[in-house]
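Line by line, the protein sequences are chains H and W. The first sequence begins at 1 in the UniProt record's numbering and counts up one residue at a time. The second sequence begins at 1 in the UniProt record's numbering and counts up one residue at a time.
Rather than coming from a laboratory, the hints here were simulated on the basis of the structure. Virtual Cβ for every residue (Gly too), placed ideally from N, Cα, C. Warning: the hint list may mix true and false statements.
[Stated by the list, open to error] Pulled a few chain W residues facing chain H out of the computed Cβ check, cut under 7 Å:
| id | residue |
| --- | --- |
| 1 | D11 |
| 2 | Y12 |
| 3 | I16 |
| 4 | K84 |
| 5 | P104 |
| 6 | H191 |
| 7 | V192 |
| 8 | Y249 |
| 9 | G307 |
| 10 | S333 |
| 11 | A346 |
| 12 | A347 |
| 13 | A363 |
| 14 | A366 |
[Unchecked claim] Below, a list of computed lysine-lysine pairs in the DSBU-like style, where the Cα atoms sit at most 35 Å apart:
| id | chain 1 | residue 1 | chain 2 | residue 2 |
| --- | --- | --- | --- | --- |
| 15 | H | K18 | W | K360 |
| 16 | W | K344 | H | K18 |
| 17 | H | K327 | W | K360 |
| 18 | H | K344 | W | K344 |
| 19 | H | K128 | W | K327 |
| 20 | W | K184 | W | K344 |
Listed here are the chains, written in short residue letters.
2 protein chains.
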Amino acid sequence: MDTVKEEIENDYGAFIDKFDLLPPSKESLPPLHGLTFAVKDIFDIAGYVTGFGNPDWFKTHVTATSTSPVVLSTVEAGATCIGKTVMDEMAYSINGENKHYGTPINPSAPDRVPGGSSSGSAVAVSAKLVDFSFGTDTGGSVRVPASYCGIFGIRPSHGVISTSGVIPMAQTFDTVGWFARDPKIMNKVGHVLLPLSPTGIIPPRRVIIPDDCFKKLSFQGDHILKALTPLIIKKLGGYSLQHQNLGDYLSDEVPSLKDFVVQNPGNLQDNSIESLSALSRAMRLLQRFQFKNNHGDWVSTVKPDIGPGIYERVWESISSTNENIDKCLVVRSEIQLALCSLLKDAAILAIPTVPGPPPKLFADVASLESFRAKAFSLLSIAGMSGFCQVTIPLGIYDNYPVSVSLIANHGDDLFLLNFAEILYAAMIEGR
Amino acid sequence: MDTVKEEIENDYGAFIDKFDLLPPSKESLPPLHGLTFAVKDIFDIAGYVTGFGNPDWFKTHVTATSTSPVVLSTVEAGATCIGKTVMDEMAYSINGENKHYGTPINPSAPDRVPGGSSSGSAVAVSAKLVDFSFGTDTGGSVRVPASYCGIFGIRPSHGVISTSGVIPMAQTFDTVGWFARDPKIMNKVGHVLLPLSPTGIIPPRRVIIPDDCFKKLSFQGDHILKALTPLIIKKLGGYSLQHQNLGDYLSDEVPSLKDFVVQNPGNLQDNSIESLSALSRAMRLLQRFQFKNNHGDWVSTVKPDIGPGIYERVWESISSTNENIDKCLVVRSEIQLALCSLLKDAAILAIPTVPGPPPKLFADVASLESFRAKAFSLLSIAGMSGFCQVTIPLGIYDNYPVSVSLIANHGDDLFLLNFAEILYAAMIEGR
Chain H
1 MDTVKEEIEN DYGAFIDKFD LLPPSKESLP PLHGLTFAVK DIFDIAGYVT
51 GFGNPDWFKT HVTATSTSPV VLSTVEAGAT CIGKTVMDEM AYSINGENKH
101 YGTPINPSAP DRVPGGSSSG SAVAVSAKLV DFSFGTDTGG SVRVPASYCG
151 IFGIRPSHGV ISTSGVIPMA QTFDTVGWFA RDPKIMNKVG HVLLPLSPTG
201 IIPPRRVIIP DDCFKKLSFQ GDHILKALTP LIIKKLGGYS LQHQNLGDYL
251 SDEVPSLKDF VVQNPGNLQD NSIESLSALS RAMRLLQRFQ FKNNHGDWVS
301 TVKPDIGPGI YERVWESISS TNENIDKCLV VRSEIQLALC SLLKDAAILA
351 IPTVPGPPPK LFADVASLES FRAKAFSLLS IAGMSGFCQV TIPLGIYDNY
401 PVSVSLIANH GDDLFLLNFA EILYAAMIEG R
Chain W
1 MDTVKEEIEN DYGAFIDKFD LLPPSKESLP PLHGLTFAVK DIFDIAGYVT
51 GFGNPDWFKT HVTATSTSPV VLSTVEAGAT CIGKTVMDEM AYSINGENKH
101 YGTPINPSAP DRVPGGSSSG SAVAVSAKLV DFSFGTDTGG SVRVPASYCG
151 IFGIRPSHGV ISTSGVIPMA QTFDTVGWFA RDPKIMNKVG HVLLPLSPTG
201 IIPPRRVIIP DDCFKKLSFQ GDHILKALTP LIIKKLGGYS LQHQNLGDYL
251 SDEVPSLKDF VVQNPGNLQD NSIESLSALS RAMRLLQRFQ FKNNHGDWVS
301 TVKPDIGPGI YERVWESISS TNENIDKCLV VRSEIQLALC SLLKDAAILA
351 IPTVPGPPPK LFADVASLES FRAKAFSLLS IAGMSGFCQV TIPLGIYDNY
401 PVSVSLIANH GDDLFLLNFA EILYAAMIEG R
């Protein structure tokens, strides 16, 4: 005993200060006790074939022998998983229509699509069948259906939550996200799965409003998006606001985007934002390339039956080359740096989640493609940077759900979810 | 009640399968119950001035009002923090000598330096004063002292553990790491702080041995490093080994490294590896630039008293420009992709942690610089890619501690720590 004491007193010169920080002694229920959830049919559940939204995939794959760690962690934290949900085929859509398993009904707008690819998970939450649900978001597959179904959704910072036991779509974009009606539940799930936030759990010091994104990116000049800015600004009263055109900022700070500017944008309308269109092109190119590496062999061999729109995209991917992939990676490095600088010192960027209300069911492929292009201008900001984004429902406007998105720095997911909760509480009060 | 039931039966087409995954019901002690730890004097502890290893920094900064989240989480998980430890000034060294607060004594080699910049934290663990301790690793500040003091150390994947409440050195490299004598404790701390591993907790499918790193990078032709390869290979019996020259691989796969090749390397010896020297140059350039942005104003204003070696580096940083920073970012993108491809399908890369035994105390600056350059060729692999690295003590060889490092893909920290534990157990048995 004396030897140990002596050794501690002779501290090898290692210490500069000594003190005791003691652990608390408390007992409590697990953090997700009593909550139910559902998972997209892209997560492995032991004993089930993971279906990936397509019957040919189901038929050609074996039963999963283990459950994906994110689902296990959630169950260990006290929640009960009640089932797996319908999704878009191979996760290659943001629309939510599935010709094989049926299109889940959007409870907030039954004549409109639910959004995808995590369609069933969004619907299960919106219809109050579960308290929360998991989806995946590669290009927008959580953010879009959350917005369309009038609920909360998060695309976490890339890489912070395990995608083990989840079928990959495009790895350097794939994220596990979740939906809920209640921002407190969004946060509770976050506290189980997310690492600590470097910025801490504080209110943002600035909120950046990119006026161009609200004014120019509306689909076919839709008035809702234009009405959103004053609405958001009113709700944000009390926060330090900074108005800034994001398109101009990215043109200056991400010089490599010039490689992806298309001078004759074809089906894009005049009110697109050049640098954001370029950003979304780089994103789609990278995703297509990674999708091919993941699933090219299976698609070429099995030649699966795939619904319209998705079929074309899948085969376009299979025939893509690695041309310009290196340039896409430079864009990614540059936009990470540019957004890091823009959002430093605890700032948040507010953007529309989507360019307008959910498209009609059974719309033609061409009009969906045009909407899709606009949507990706917005979705690629978090997608290419790997930063975290949460979409907040703002209620019903002209019969359809509207939303706003907040984006924060990589790793600042809990900082972001905390602000979403505070902001939503203020909105409810102000109604 | 009936309405609820009906609503659940009418499931909006959201589900593809229904079942129940129930949470377990168990009560247990917190995971780090009964363990003690210490923290480097770079972490904020409420009520103390964070000293950053330099008395002028201490004098010009105020008492921290909150404790850094990583320390709080560890305390909440049941461990007791017993003090803060000596570090190299401004974290700008891997040597461990501090002229103001004294150089902590290396318990494994008292005539040699302890390694830095997390010198006191490594010594506190090596001397059995605590069960584990926290350091930070920007350029090698956990890996190097762990190796010199004969203990385990981890540099986690960049971005997965919060650096909030930690003085920044160079943000896009800064990581919070930890030391322990027992790999089980390394793992326990990891399970509290780290996200789930995408690869899962499985043994690696391949271990890559870059023979060039073991054969060519030894300092002054030191024989220990050359003896290490057969030793490692013996220990790895049973794993699928892949011998591959890392230098050649990186020359091919990271073309932008050519911008950082110096044709006349001056004090570098012939047995350097060109692509790794180039990689370490890009890393040092980026770190210098970020350090200047963080601390340039303070250094220019306060003109602090700083010890030899560190003084020169700090002022060299202050006078640096942003020239070539964009090229460094391209190197980073390319090496991330190259290593991702090399380490895909659950592979691990084994390298020497350092180029030889710990340098003598009070060595001259010139010979330390030469050693430092060789060390950075090895340290920049995880540094520039952001991948995780763990160093494993192999015991005493010719009177000095020797070690080997394992590197895994970004986010695969728990996969890596699990393998370190398995491998170490096999080593102990085989002794």
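Here is how each hint holds up against the structure:
This hint holds: D11/W has a C-beta 6 Å from the nearest C-beta of chain H, less than the 7 Å allowed. Interface restraint check: Y12/W against chain H, minimum CB-CB distance 4 Å, threshold 7 Å, status holds. This hint holds: I16/W has a C-beta 5 Å from the nearest C-beta of chain H, less than the 7 Å allowed. The criterion of a C-beta within 7 Å of any C-beta in chain H is met by K84/W, whose closest approach is roughly 5 Å, and the hint holds.
Given hint, P104/W at the interface with chain H, holds; its Cβ is 4 Å from that chain's nearest Cβ, closer than 7 Å. Look at H191/W: its Cβ only gets to about 11 Å from chain H, farther than 7 Å, so that hint breaks. Nearest Cβ of chain H to the Cβ of V192/W: about 11 Å, over the 7 Å cut. The hint is violated. A cut of 7 Å between beta carbons decides the hint on Y249/W: the least distance to chain H is about 17 Å, and the hint is violated.
Violation of the interface hint for G307/W is found here, the shortest Cβ-Cβ separation to chain H being roughly 15 Å, above the 7 Å cut-off. Using the Cβ-Cβ criterion of 7 Å, the hint placing S333/W at the interface with chain H is satisfied: the shortest such distance is roughly 4 Å. Taking 7 Å as the C-beta cut-off, the interface hint given for A346/W is violated, the closest approach to chain H being about 11 Å. For A347/W, the shortest C-beta to C-beta distance to chain H is roughly 15 Å, which exceeds 7 Å, and the interface hint is violated.
With a cut of 7 Å, the hint placing A363/W at the interface with chain H is violated, because the nearest CB-to-CB distance is about 19 Å. For A366/W, the interface hint is violated, since its Cβ never comes within 7 Å of a Cβ in chain H; the closest pair sits about 26 Å apart. The hinted pair formed by K18/H and K360/W meets the criterion: a straight-line CA distance of about 29 Å does not exceed 35 Å. With a CA separation close to 44 Å, the supplied pair K344/W and K18/H exceeds the 35 Å bound.
Restraint check for K327/H and K360/W: the C-alpha separation of about 47 Å exceeds 35 Å, so the hint is violated. Distance hint between K344/H and K344/W is fulfilled; the C-alpha atoms sit about 33 Å from each other, no more than 35 Å. Only pairs whose Cα atoms come within 35 Å are accepted, and K128/H paired with K327/W is rejected, the gap being roughly 51 Å. Distance hint between K184/W and K344/W is fulfilled; the C-alpha atoms sit about 26 Å from each other, no more than 35 Å.
Checked against the numbered hints given earlier, the structure breaks hints 6, 7, 8, 9, 11, 12, 13, 14, 16, 17, 19 and satisfies all the rest.
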